[in-house]
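Participant: Note that the protein sequences, when read in sequence, are chains A and B. Everything in the first sequence is counted per our numbering, starting at 3 for the first residue and increasing by one. Everything in the second sequence is counted per our numbering, starting at 108 for the first residue and increasing by one.
Everything labelled a hint here was simulated from the structure, so no lab data went into it. A couple of the hints might just be wrong.
[Claimed, not checked] Ranges of calculated distance between the beta carbons of each label pair, as one might list FRET restraints:
#  : chain 1 : residue 1 : chain 2 : residue 2 : range
1  : B       : Gly-160   : A       : His-56    : 19 to 25 Å
2  : A       : Ile-105   : B       : His-133   : 42 to 48 Å
3  : B       : Gly-210   : A       : Ser-110   : 39 to 45 Å
4  : B       : Ile-145   : A       : Tyr-74    : 23 to 29 Å
5  : A       : Trp-127   : B       : Gly-203   : 15 to 21 Å
6  : B       : Asn-204   : A       : Ile-105   : 33 to 39 Å
7  : B       : Arg-120   : A       : Leu-25    : 21 to 27 Å
8  : A       : Ile-20    : B       : Asp-162   : 24 to 30 Å
9  : B       : Ser-126   : A       : Leu-95    : 36 to 42 Å
10 : B       : Leu-225   : A       : Ser-117   : 23 to 29 Å
11 : B       : Leu-225   : A       : Trp-127   : 24 to 30 Å
12 : B       : Val-196   : A       : Asp-11    : 40 to 46 Å
[Claimed, not checked] Keeping only pairs whose Cα atoms sit at most 25 Å apart, straight-line, the calculated SDA-like set for lysine to any residue is:
#  : chain 1 : residue 1 : chain 2 : residue 2
13 : B       : Lys-216   : A       : Thr-32
14 : B       : Lys-216   : A       : Met-132
15 : B       : Lys-216   : B       : Leu-142
Glycine included, every Cβ here is placed at the ideal spot set by N, Cα and C.
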Amino acid sequence: MTQTAKPADRPLSPHVFIYRWPLASLLSITHRITGIGLTIGTLLLTSWIVSATHGGDSYAAFTAFIGSPFGYFLLLGFSLALFYHLCNGIRHLFWDAGMNFEIAQTNSGNWLVLSGTVVLTAAAWLLALM
Amino acid sequence: MFAHYNLRTPLGRARGLGSATEGLHHWWAQRLTALALIPLTVWFVAAVVGLAGSDYEQFVNWLSTPYNASAMILFLGVSFHHAQLGMQVVIEDYVGNHGWRIGTIVVVKFICCGLGALGIVSTLIVTFGV
Chain A
3 MTQTAKPADR
13 PLSPHVFIYR
23 WPLASLLSIT
33 HRITGIGLTI
43 GTLLLTSWIV
53 SATHGGDSYA
63 AFTAFIGSPF
73 GYFLLLGFSL
83 ALFYHLCNGI
93 RHLFWDAGMN
103 FEIAQTNSGN
113 WLVLSGTVVL
123 TAAAWLLALM
Chain B
108 MFAHYNLRTP
118 LGRARGLGSA
128 TEGLHHWWAQ
138 RLTALALIPL
148 TVWFVAAVVG
158 LAGSDYEQFV
168 NWLSTPYNAS
178 AMILFLGVSF
188 HHAQLGMQVV
198 IEDYVGNHGW
208 RIGTIVVVKF
218 ICCGLGALGI
228 VSTLIVTFGV
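Same shape as in the complex, but just chain A:
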């Protein structure tokens, strides 16, 4: 005979979805998400080179697709993910070397990675479209 336990009338520990995420946690999961995105994005990279093996028409078809609004959308996502994963990856290598573990360094690193991503993406697009 089991009795249904009355819900305890005391505060519960915050669940991961209720808890306000520190920026560092958000950036940590973003590293994995961008990694998965970049892995899928390699389809784009491979099709670019494969299209060239089929001759000029096929290469032109690929560049036309990339030049379309949807192609630009994919390229923007790919470049943002690439620069984010690059910047945050460099930070991970410093951590692996045992450096920058202080909270102040982590906090400044968060903003360094985010601004680095935006600046590098903007610079690449400006240079490419000029």
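Using the hints provided, position chain B relative to the given structure of chain A.
Facilitator: Same frame as chain A, but now just chain B:
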């Protein structure tokens, strides 16, 4: 009563459940490929920015130099190696069911190897003349 009957000794059952000691190699390979991808990514972004708006002939000429072809092959090979190592860690962390976990890892690794081979062979075809 015989449900717990087992010919294997308690020690025999406990053995082999610990570390497979392969973790260090995986960890090291992921960091080494990450380090190599820093200059390769810078090269790749600079190349794509430089190639923006170029036609088929310009692309083939660009990929026909030994430096660009070598860098492209390295970028592809190291990227796919890094991708399959990273994807394996993500799958191991989030896919709970043992069968699904092994199955997804195998499929992702096979796809990465296949796309890597396709990209590298396509680069060689473009380099040596379509």
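Participant: Take the hints in turn and mark each one as holding or not.
Facilitator: Hints versus structure:
1. B:Gly-160 with A:His-56: 19 to 25 Å: 21 Å, holds
2. A:Ile-105 with B:His-133: 42 to 48 Å: 29 Å, violated
3. B:Gly-210 with A:Ser-110: 39 to 45 Å: At roughly 42 Å between Cβ atoms, Ser-110 of chain A and Gly-210 of chain B fall inside 39 to 45 Å, so the hint holds.
4. B:Ile-145 with A:Tyr-74: 23 to 29 Å: Hint holds: Cβ distance 26 Å, inside 23 to 29 Å.
5. A:Trp-127 with B:Gly-203: 15 to 21 Å: 40 Å, violated
6. B:Asn-204 with A:Ile-105: 33 to 39 Å: The hinted range 33 to 39 Å holds for Asn-204 of chain B and Ile-105 of chain A, with Cβ atoms some 37 Å apart.
7. B:Arg-120 with A:Leu-25: 21 to 27 Å: 46 Å, violated
8. A:Ile-20 with B:Asp-162: 24 to 30 Å: 54 Å, violated
9. B:Ser-126 with A:Leu-95: 36 to 42 Å: Hint violated: Cβ distance 24 Å, outside 36 to 42 Å.
10. B:Leu-225 with A:Ser-117: 23 to 29 Å: 36 Å, violated
11. B:Leu-225 with A:Trp-127: 24 to 30 Å: Given range 24 to 30 Å: holds, Cβ gap about 28 Å.
12. B:Val-196 with A:Asp-11: 40 to 46 Å: This hint holds: roughly 42 Å between Cβ atoms.
13. B:Lys-216 with A:Thr-32: Holds, because 22 Å separates the two Cα atoms, which is no more than 25 Å.
14. B:Lys-216 with A:Met-132: 39 Å, violated
15. B:Lys-216 with B:Leu-142: The given pair, whose Cα atoms are some 21 Å apart, holds under the 25 Å limit.
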